[in-house]
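Chains A and B, in that order, give the protein sequences. With this note's numbering, letter number 58 in the first sequence gets 58, and the count goes up by one each step, no holes. With this note's numbering, letter number 550 in the second sequence gets 550, and the count goes up by one each step, no holes.
The hints are simulated quantities; they were obtained by calculation from the structure and are not laboratory data. There may be inaccurate statements among the hints.
No more than 30 Å apart at the CA atoms, straight line, and that leaves these computed lysine-lysine pairs for DSS-like [to be verified]:
hint : chain 1 : residue 1 : chain 2 : residue 2
1    : B       : LYS597    : B       : LYS624
2    : B       : LYS302    : B       : LYS454
3    : B       : LYS662    : B       : LYS727
4    : A       : LYS49     : B       : LYS123
5    : B       : LYS595    : B       : LYS566
6    : A       : LYS49     : B       : LYS398
7    : B       : LYS725    : B       : LYS766
8    : B       : LYS518    : B       : LYS725
9    : A       : LYS49     : B       : LYS518
10   : A       : LYS49     : B       : LYS229
11   : B       : LYS444    : B       : LYS488
12   : B       : LYS745    : A       : LYS49
13   : B       : LYS439    : B       : LYS26
14   : B       : LYS676    : A       : LYS49
15   : B       : LYS766    : A       : LYS49
16   : B       : LYS26     : B       : LYS123
17   : B       : LYS454    : B       : LYS518
18   : B       : LYS766    : B       : LYS545
19   : B       : LYS26     : A       : LYS49
20   : B       : LYS398    : B       : LYS439
21   : B       : LYS662    : B       : LYS602
22   : B       : LYS566    : B       : LYS545
23   : B       : LYS488    : B       : LYS26
24   : B       : LYS624    : B       : LYS566
25   : A       : LYS49     : B       : LYS454
26   : B       : LYS488    : B       : LYS676
27   : B       : LYS439    : B       : LYS454
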Amino acid sequence: MSNWISICAVEDIPVLGSRRVARRQGPQVALFRTADDQVHALLDRCPHKAGPLSQGIVFGNAVACPLHNWTIALDSGCAREPDEGRTPVFRVRIVDGQVQLDGDELATLGTDLPLAQAGPCTRVAC
Amino acid sequence: MSPTRMKLVMVGNGMAGVRTLEELLKIAPDLYDITVFGAEPHPNYNRILLSPVLAGEQTLDEIVLNPLSWYEGHGIRLHLGNAVTRIDRVRRVVVAADGTEAGYDRLLIATGSTPFILPVPGKDLDGVIGYRDITDTNTMIEAATRYRHAVVIGGGLLGLEAANGLMLRGMRVTVVHIGDWLMERQLDDQAGDLLRKSLQDRGLRFRMGAQTEALIGDRDGRVMAVRFKGGEEIPADLVVMAAGIRPATALAESAGLHCQRGIVVTDTLQTVTDPRVYAVGECAAHRGIAYGLVAPLFEQGKVCANHLAQFGIGRYLGSQTSTKLKVTGIDLFSAGDFMGGDGTEEIVMSDPFAGVYKKLVIQDDRLVGACLYGDTVDGGWYFKLLREGRRIADIRDKLMFGESNIGDVGHQGQSRAAAMADGDEVCGCNGVTKGAICKAIKDKGLFTLEEVRKHTKASASCGSCTGLVEQLLMFTAGGDYSSTPKKKAICACTEHSHQDVRDAIVAQRLVRMADVFKRLDWRTPDGCATCRPALNYYLISSWPKEAVDDPQSRFINERSHANIQKDGTYSVIPRMWGGETTADELRRIADAVDKYKIPTVKVTGGQRIDLLGVRKEDLVHVWKDIGMPSGHAYAKALRTVKTCVGSEWCRMGTQDSTQMGKDLERAMWRMYAPHKVKFAVSGCPRNCAEAGIKDVGIIGVDSGWEMYVAGNGGIKTEVAHFLVKLKTAREVLEYTGAFMQLYRKEGWYLERTVHYVSRVGLDHVKRRILDDAAGRQALWAELQHALDGEPDPWFEFAKAQVDLRQFEPVAGMTASAATTATAAVASTLAATAAGADARSIPAAPVGDTF
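Using the sequences and the hints, build the whole thing.
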């Protein structure tokens, strides 16, 4: 059973840009809009050092993380080779121009992953 | 076999051919049914590393590049130990030694080369071999266990590596060389003699200028001696012929393909005779040259694969090559026209006692050749100068002393990769050790700097360790260092260089990125994170007020006008003109720090106050509360003008440096540039503002101002060049502005002034700024026109195209920010931009919570 929730209109996301969806806990969810108006949703967290992918440059079907330029595929969440890692992908559907996410996924997916922290140099567990 | 697929047959299973297949499978994995014939019984291995195997430094298993599972995984039909004996171009079939036939639609010949065997009596005796493959290597290893005397004929690269390996395996080795000095194709006589001396010290024997007349056999038909012209004989249980290689063209010739010093191919690697037939590698002659080094062959492979894949773009235009000898402990390097001669000048440094010799050959103010022995640390740098054809007048006096003497402090302590331990860090930016790089090179079969960068991240950030990584590549992969002199493409989206793109934008009056993509045949529909920011800069700097800025093509810092930090928060640095501030400004800053709970406040290297750890949701409010202009500390733009206090207060001051700094900063703030730009103004020659390492440094003297340009305090500490002495503050503004506009128009994106000036030469800058008064004034006027009316992005949101939606989540609420933001605020902020007071925004109602 899916529990689709309307988040915003497709137009609320800039073309080749992103918006963030806040959650009660855990990292936010990043919505991306490609040049051909596809909308993808990823956990807003690079598998490398937890950088906020929503702040990256969107091109083709990918986003470049703003921290260290890892390229993450929007449909699979996978880092482009030779980098390795994957960020969770959220299911998206568009109904009447409205972007919808699955409420169950929003409530549970990736909520336990740590956020990036400033402070003394530490390695972020993936 | 799928009936719809075309059939590709490859003859030869070596490095160049298999690399071509790899490239092909990457871009067109399903186009062909592939069949490979290899004369040797082994899968593709790294032939370059046979010398370390012979020397006992590596094992055969370690040098396999593509195990049998690779061929299986890609569905390649592999015939090992089965040489192709005939090509029937009419039926389009190849026939192998055992009678196997394979039909083809496309044929790739990659048969490599064969050792040149001297046509002397006795050449067919047992114990006489060439040095080419695993069998030869094993024969030598085996011979070393049973016999005492080895003779290597040929004192070139291959011969010396063979001799060294045999010696290390315990044989008494004599090298017979017909020339007057060793490696005459790579070294001049002096370096060749030094090499011979040091090899003699290790125990090798030499017969220079000796001509082999015959090989003498014993009763069992095994070689026992070598006889020279003149009758002298020396004992030899093993003779290695290393007097050169010949492209293996017999098969191609028998098939009627035109051969002349190799199978003649075009720039698309197709044979000139039959466009269905391609040839790559050592067997191919491209523009009269058959390359024997790995990097050019891989470039050929890439182009060939592209055409096999039917993309039909890309041409191979030839390569420049350089040489390294893989004998551990001996450093030599040569490139280009290292012999010199008429019309060239030479700079020579020779210290035979220490075993160091360097020769640089210069022609028409450019480095055209280099020959180094004993100290090759700067080989890569010289090779780069040579390829780029950069004018060297300005660095000629320091050229001989190497790159580190023109200001590199990045890795001064570690210039010799070989001497480093595995645990030592090579790349300080990404924390990559020597061990990790060497392991990646071996395990993943990397051959080029680009590949190492991709896989390990070493040298991929600041680039100051590039020389070290190149050395590791040479030692580990054994790849002789070489490269095409071609201009570098901006990124994989295009074949065009930065200069091409900028020229096209100016010449064709392109003002939209989509037009650039279209006119310049971009391979991707909307570029990538590398090219888009560059294109956006070129558009807006070439056509100010016409081209429309594209925020989505800017890095996040220039989109949110703050500097992203490792935890996703931002830093805010307000502009303080010339570094001067007031109690009122400091009070507002302090209040904002308290109100928004900003965790860290720090003074920057450029005399500004940095507020670190600001949440994105708070940025607009912090700007508003502080009420100071944007410091652009996040942008490729004028960052700061650092000043000393100058004559207003300082008892030593001769000029009002603070005022000069403020004037410069007010004149040029909001100026986007290819990279960040920093100025400094000092009020006297004591230079407390450190003007000598800034993009533009101004130093006040009693009679006026001295202007310095293209200094840098970053990765490569570079002392600025003196440009001109000026009398008035007005002149300082004009000259500085003109220099900046020249850099804005000619600098490539992400090229600092130091690299820009090093590329175009200081003389060029002097001609444009000093000699051409009208041109200088025009440049200054252009810059003023471009900056006129530029918005402050912290306050004029609409004009600066700041998308306020980015500052708020689109829905839901953040757990940590329940008191402030929801999506509703974004629209309120938009109203703010139109004049409302941000400080009076009421806390918005809390929306849906997920």
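Each hint, compared with the structure:
| no. | hint | result |
| --- | --- | --- |
| 1 | B:LYS597 x B:LYS624 | holds, 16 Å |
| 2 | B:LYS302 x B:LYS454 | holds, 17 Å |
| 3 | B:LYS662 x B:LYS727 | holds, 18 Å |
| 4 | A:LYS49 x B:LYS123 | violated, 63 Å |
| 5 | B:LYS595 x B:LYS566 | holds, 22 Å |
| 6 | A:LYS49 x B:LYS398 | violated, 42 Å |
| 7 | B:LYS725 x B:LYS766 | holds, 12 Å |
| 8 | B:LYS518 x B:LYS725 | violated, 47 Å |
| 9 | A:LYS49 x B:LYS518 | violated, 36 Å |
| 10 | A:LYS49 x B:LYS229 | violated, 70 Å |
| 11 | B:LYS444 x B:LYS488 | holds, 25 Å |
| 12 | B:LYS745 x A:LYS49 | violated, 36 Å |
| 13 | B:LYS439 x B:LYS26 | holds, 23 Å |
| 14 | B:LYS676 x A:LYS49 | holds, 26 Å |
| 15 | B:LYS766 x A:LYS49 | violated, 46 Å |
| 16 | B:LYS26 x B:LYS123 | violated, 44 Å |
| 17 | B:LYS454 x B:LYS518 | holds, 29 Å |
| 18 | B:LYS766 x B:LYS545 | holds, 29 Å |
| 19 | B:LYS26 x A:LYS49 | holds, 29 Å |
| 20 | B:LYS398 x B:LYS439 | violated, 36 Å |
| 21 | B:LYS662 x B:LYS602 | holds, 22 Å |
| 22 | B:LYS566 x B:LYS545 | violated, 35 Å |
| 23 | B:LYS488 x B:LYS26 | holds, 22 Å |
| 24 | B:LYS624 x B:LYS566 | holds, 24 Å |
| 25 | A:LYS49 x B:LYS454 | holds, 17 Å |
| 26 | B:LYS488 x B:LYS676 | holds, 22 Å |
| 27 | B:LYS439 x B:LYS454 | holds, 14 Å |
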